[in-house]
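Colleague: Single-letter residue listing:
Protein chains: 2
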Amino acid sequence: MPEISKRAQLTPASPIRKFLPLAQKAKEAGVKVYALSSGDPDYQVPPAFFKAVKSYKAKTLNYAPSSGILEHTQAWQKYYLSLGVKIPTENIVPTSGCAEAILFALYAATDPGDEVLVFEPVYVSYKSFAVMAGITLKPVRLKPENGYALPSLSEIEEQISPKTRAIVVINPDNPTGKLWSKKELLMVLELAKKHNLFVIADETYREIRFSGQPECLLKYSNFKDRVILTDSVSKRFSMPGARIGCVASQNPEVMAAALRFAQARLSVGTLEQLGTAPLLKKAKGITDKAKQEYSGRCGIVSQALAKIRGVTFRPPQGAFYMIAQLPIADAEDFVKFMLTKFSYKNQTVLVAPMQDFYLTPGLGKNEIRIACVLKKPDLKIAMEILKLGLEAYKKNLSA
Amino acid sequence: MPEISKRAQLTPASPIRKFLPLAQKAKEAGVKVYALSSGDPDYQVPPAFFKAVKSYKAKTLNYAPSSGILEHTQAWQKYYLSLGVKIPTENIVPTSGCAEAILFALYAATDPGDEVLVFEPVYVSYKSFAVMAGITLKPVRLKPENGYALPSLSEIEEQISPKTRAIVVINPDNPTGKLWSKKELLMVLELAKKHNLFVIADETYREIRFSGQPECLLKYSNFKDRVILTDSVSKRFSMPGARIGCVASQNPEVMAAALRFAQARLSVGTLEQLGTAPLLKKAKGITDKAKQEYSGRCGIVSQALAKIRGVTFRPPQGAFYMIAQLPIADAEDFVKFMLTKFSYKNQTVLVAPMQDFYLTPGLGKNEIRIACVLKKPDLKIAMEILKLGLEAYKKNLSA
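So the protein lines, in turn, are chains A and B. Following my numbering, the numbering of the first sequence begins with 1 at its first residue and continues without gaps. Following my numbering, the numbering of the second sequence begins with 1 at its first residue and continues without gaps.
Because the hints were derived from the structure by calculation, they are not lab data. Glycine residues also receive a C-beta, built at the ideal position from the N, C-alpha and C atoms. Certain hints may be false.
[To be verified] To be clear about the criterion: a stretch of chain A counts as covered by chain B if any three or more of its residues have a C-beta under 8 Å from a C-beta of chain B, and this derived list gives those stretches: (1) 109–123; (2) 149–161; (3) 195–206; (4) 270–284; (5) 328–336.
[To be verified] Using 25 Å as the maximum straight-line C-alpha spacing, the simulated SDA-like pairs for lysine to any residue come out as follows: (6) A:Lys57 <-> B:Gln44; (7) A:Lys138 <-> A:Gly285; (8) A:Lys54 <-> B:Lys224; (9) B:Lys282 <-> A:Gly212; (10) A:Lys51 <-> B:Lys291; (11) B:Lys27 <-> A:Gln159; (12) A:Lys59 <-> B:Ala52; (13) A:Lys365 <-> A:Gln159; (14) A:Lys143 <-> A:Gly362; (15) A:Lys27 <-> B:Glu71; (16) B:Lys57 <-> A:Phe50; (17) B:Lys291 <-> B:Val85; (18) B:Lys193 <-> B:Asn222; (19) A:Lys18 <-> A:Gln355; (20) A:Lys138 <-> B:Pro112; (21) B:Lys54 <-> A:Ile286; (22) A:Lys336 <-> B:Ile286; (23) A:Lys54 <-> B:Asn222; (24) A:Lys289 <-> B:Val85; (25) B:Lys194 <-> B:Glu145; (26) A:Lys51 <-> B:Pro12; (27) A:Lys25 <-> B:Ile69; (28) B:Lys27 <-> A:Glu90; (29) A:Lys376 <-> A:Lys138; (30) B:Lys25 <-> A:Gln159; (31) B:Lys27 <-> A:Asn62; (32) A:Lys59 <-> B:Lys27.
[Claimed, not checked] So the derived list for chain B, only partly shown, Cβ under 8 Å to chain A, looks like this: (33) Val45; (34) Leu61; (35) Asn62; (36) Pro240; (37) Thr270; (38) Lys281; (39) Asn366; (40) Asp378.
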């Protein structure tokens, strides 16, 4: 029997998704599970999407061009213009969510054996993509006690080697909920310039920020050759099941490569490209409402967390995640406990243990990530259950 | 300005897709272009697909599970059972077309620096995926004068090294239209066993075969640990724009890895998983009709090609492609000529030059691939135009 590859062995299971089978078992046993693990909101999709999809008239369903359906890339173009970014449609290639955009950006920037700098904790898919692409992520730690602020330049430069090819900036950040200040962004861009690196700007949560205006790194014309934007409609339009994102850059060589990668896998969903075009053209009304909603949801979770003894956290400034430090040693064990041994009035909560979001071994063992993806009344109940579960878990440990 | 990676530079542009901008220009100049370059049929999608998509009722559009929507994987399971293959739903992971399934299979089987054996000419996306994954494809040539038959074992073994991890078998084959005989399949499977290799079985065109019964390599239980199936609904249900395929294997380690790869990019289109489930459950009626249709289409192209002086070809046994050797030196130049300098009654034809389907430099320069994807009357006209274009091209060269 042939052995699977080393990269296959090393690609981690998603800490967000690996507990779904246990959650399923709990559900089958009649327990209601409040899922706060995945960034998968219960928030309504703008009806214009379904209207466009359902009005599809053709009897064939052909490949879209690898460069995207023109109406769709023009809609992205218009959307970026509303953020102050002028970009040709040729410099926008639709992808299957932000995930594929990240993979294309990594392929464009790196060869096997190269290194990419990330801030940890980091969105876990980066770890998998790095293994798949044969590269190494080098972590720079953001600390909750500093509000996840950028550390000193020297601390960052310590992780840069001759093999480093890119720095990843997720803004607003998943999982920390950090908003990058203009000063921090410029520091990273200047650092990239100094070391001749690409900057992979992951702006999936762009408009879900609770202060200031949406940022887009494509706007910084001094750095236009080094910024590779990875984007997605999943969160801002609440439609992760559509699998629509894009990779965009003002660097024509990066985009020519992205198009070749895109050609290899042919195209992105035809129906969803058509369905999202009207939303991209009128994004602001939709995203303003979404921002309001998630601001309220995060507020409720913050208030509830503040009342649980021994728990510390930083209220998020954007995205819809927050990290909580729990007064226990092993958050993964706690997550399992909640699904297999605990319920309150036949209800329990699923959150994501943070350990796998770190690259440095040993970090995050007492942390969980909470995704504020449920309606406010549900979040209130879920947080109450989390509190009771935590008490029960501690009691169970000391018993 | 940072340089893009070597793999980005080496990833080839698709010879199928790279002429689309020229075709677009011809269209804009009022010329009707018969597109026989891409496997993108004008054949109708089974209406049950659109019915299912349009009856989607939820107001949210959530991620599907990475392991697939259960109704969808159960439909694949039922479909495979109709081919005599018993496989648990856990051993089927939906992918974004066969393309992503191939990428997952390559990731599962290989590490950067490894080698994979392919038969050339080979479907071009393999070349791109190999570069992206940091591996090398080693070609074994199939020759038209032998009807693309498998060469001797010793010829194949010459290309196997200690770095070889897998053999790719596309059946029916794209681009040759070859059907693999049971004897040939068993020879390859035995060879894989002898050298402890995986077999990546690409069966996108399974039912589009003009003799015999659909084959599925998952059926060969003696080789179950080494077969990785990559599949797609794109051709058999005529819906490449849906981006639905799957990777399947009886090897649990391969599937655990495939699921981890799938988790990294989260999920495949929710609407299309729901839409294709009813088709997979009742595939035979649909695929029987498709087979009939493509048999007729390929027959028309064969008849027309037979009448063009100096052209040689092998009538396809399956899929819907055929390779033609033209009486010219540079097929790529001819394809450009057809789009930029030739038209007949304001019509022209786009075909794919074959050179890039080969790995061995210098092969295929006088060859084109014709995809029989248009209705019969259109194919008749297109072949007439191709004949006239060829005459004009030769005259133009000698002028």
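Colleague: With reference to the structure, classify each hint as holding or not holding.
Modeller: Results for each hint:
With 6 residues carrying a beta carbon less than 8 Å from a beta carbon of chain B, the segment 109–123 of chain A meets the three-residue requirement, and the given coverage holds. Note: the segment 149–161 of chain A has 0 residues with beta-carbon separation from chain B under 8 Å; the three-residue rule is not met and the coverage is violated. Chain B is given as covering the segment 195–206 of chain A, and this holds because 3 residues of the stretch bring a CB closer than 8 Å to a CB of that chain, at least three being needed. With 3 residues bearing a CB less than 8 Å from a CB of chain B, the segment 270–284 of chain A meets the requirement of three and the coverage assertion stands.
Check result for the segment 328–336 of chain A against chain B: violated, 0 residues qualifying (beta carbon to beta carbon below 8 Å, three or more required). Proposed proximity of A:Lys57 and B:Gln44 is supported: the alpha carbons are some 12 Å apart, at most 25 Å. Distance restraint check for A:Lys138 and A:Gly285: the Cα-Cα separation of roughly 39 Å exceeds the 25 Å cut-off, and the hinted pair is therefore not satisfied. As the CA atoms of A:Lys54 and B:Lys224 are separated by approximately 42 Å, the hinted pair breaks the 25 Å bound.
A C-alpha spacing of about 54 Å is found between B:Lys282 and A:Gly212, which places the hinted pair above 25 Å, so the restraint is violated. Our distance criterion of 25 Å between C-alpha atoms is broken by A:Lys51 and B:Lys291, whose separation comes to about 34 Å. Pair hint B:Lys27 plus A:Gln159 does not hold up; C-alpha atoms about 52 Å apart against a cutoff of 25 Å. Between A:Lys59 and B:Ala52 the alpha-carbon distance is near 14 Å, which keeps this suggested pair within the 25 Å criterion.
Taken as a hint, the A:Lys365 and A:Gln159 pair is honoured in the structure, with Cα atoms around 23 Å apart against an allowance of 25 Å. A distance of roughly 14 Å separates the Cα atoms of A:Lys143 and A:Gly362; the hinted pair therefore holds under the 25 Å criterion. At most 25 Å may separate the alpha-carbon atoms for a hinted pair to count; A:Lys27 and B:Glu71 meet this at roughly 17 Å. Taken as a hint, the B:Lys57 and A:Phe50 pair is honoured in the structure, with Cα atoms around 10 Å apart against an allowance of 25 Å.
The hinted pair formed by B:Lys291 and B:Val85 meets the criterion: a straight-line CA distance of about 21 Å does not exceed 25 Å. Distance check on the hinted pair: B:Lys193 and B:Asn222 sit about 10 Å apart at the alpha-carbon level, within 25 Å; holds. This hinted pair checks out: A:Lys18 and A:Gln355 have alpha carbons roughly 13 Å apart, not beyond 25 Å. Annotation: proposed proximity of A:Lys138 to B:Pro112 holds, straight-line Cα distance about 20 Å (limit 25 Å).
About 23 Å separates the Cα atoms of B:Lys54 and A:Ile286, which keeps this hinted pair within 25 Å; it holds. Taking the CA atoms of A:Lys336 and B:Ile286, the gap is near 45 Å; set against the 25 Å cutoff, the hint is violated. A distance of roughly 47 Å separates the Cα atoms of A:Lys54 and B:Asn222; the hinted pair therefore is violated under the 25 Å criterion. For a cut-off of 25 Å, the pair hint linking A:Lys289 to B:Val85 is broken: about 50 Å separates their Cα positions.
For the hint linking B:Lys194 to B:Glu145, the alpha-carbon distance of about 29 Å lies beyond 25 Å, and the restraint is violated. For the hint linking A:Lys51 to B:Pro12, the alpha-carbon distance of about 38 Å lies beyond 25 Å, and the restraint is violated. For the given pair, A:Lys25 sits about 16 Å from B:Ile69 by alpha-carbon distance, which is consistent with the 25 Å threshold. Taking the CA atoms of B:Lys27 and A:Glu90, the gap is about 19 Å. The hint holds against a cut of 25 Å.
Of the pairs offered as hints, the one joining A:Lys376 and A:Lys138 is violated, with about 37 Å between alpha carbons and a cut-off of 25 Å exceeded. Straight-line distance between C-alpha atoms of B:Lys25 and A:Gln159 comes to about 49 Å, which puts the hinted pair past the 25 Å bound. As the CA atoms of B:Lys27 and A:Asn62 are separated by approximately 18 Å, the hinted pair is consistent with the 25 Å bound. Our distance criterion of 25 Å between C-alpha atoms is met by A:Lys59 and B:Lys27, whose separation comes to about 22 Å.
Interface hint at B:Val45: satisfied, since its Cβ lies 5 Å from the closest Cβ of chain A, which is below the 8 Å cut-off. Checking B:Leu61 against chain A: minimum C-beta separation of about 4 Å stays under 8 Å; hint holds. Interface restraint check: B:Asn62 against chain A, minimum CB-CB distance 5 Å, threshold 8 Å, status holds. Given the 8 Å rule on beta carbons, the hint for B:Pro240 holds: about 5 Å separates it from the nearest Cβ of chain A.
The criterion of a C-beta within 8 Å of any C-beta in chain A is met by B:Thr270, whose closest approach is roughly 3 Å, and the hint holds. Nearest Cβ of chain A to the Cβ of B:Lys281: about 19 Å, over the 8 Å cut. The hint is violated. Interface hint at B:Asn366: violated, since its Cβ lies 24 Å from the closest Cβ of chain A, which is beyond the 8 Å cut-off. Because the closest C-beta pair between B:Asp378 and chain A is about 13 Å apart, greater than 8 Å, the hint is violated.
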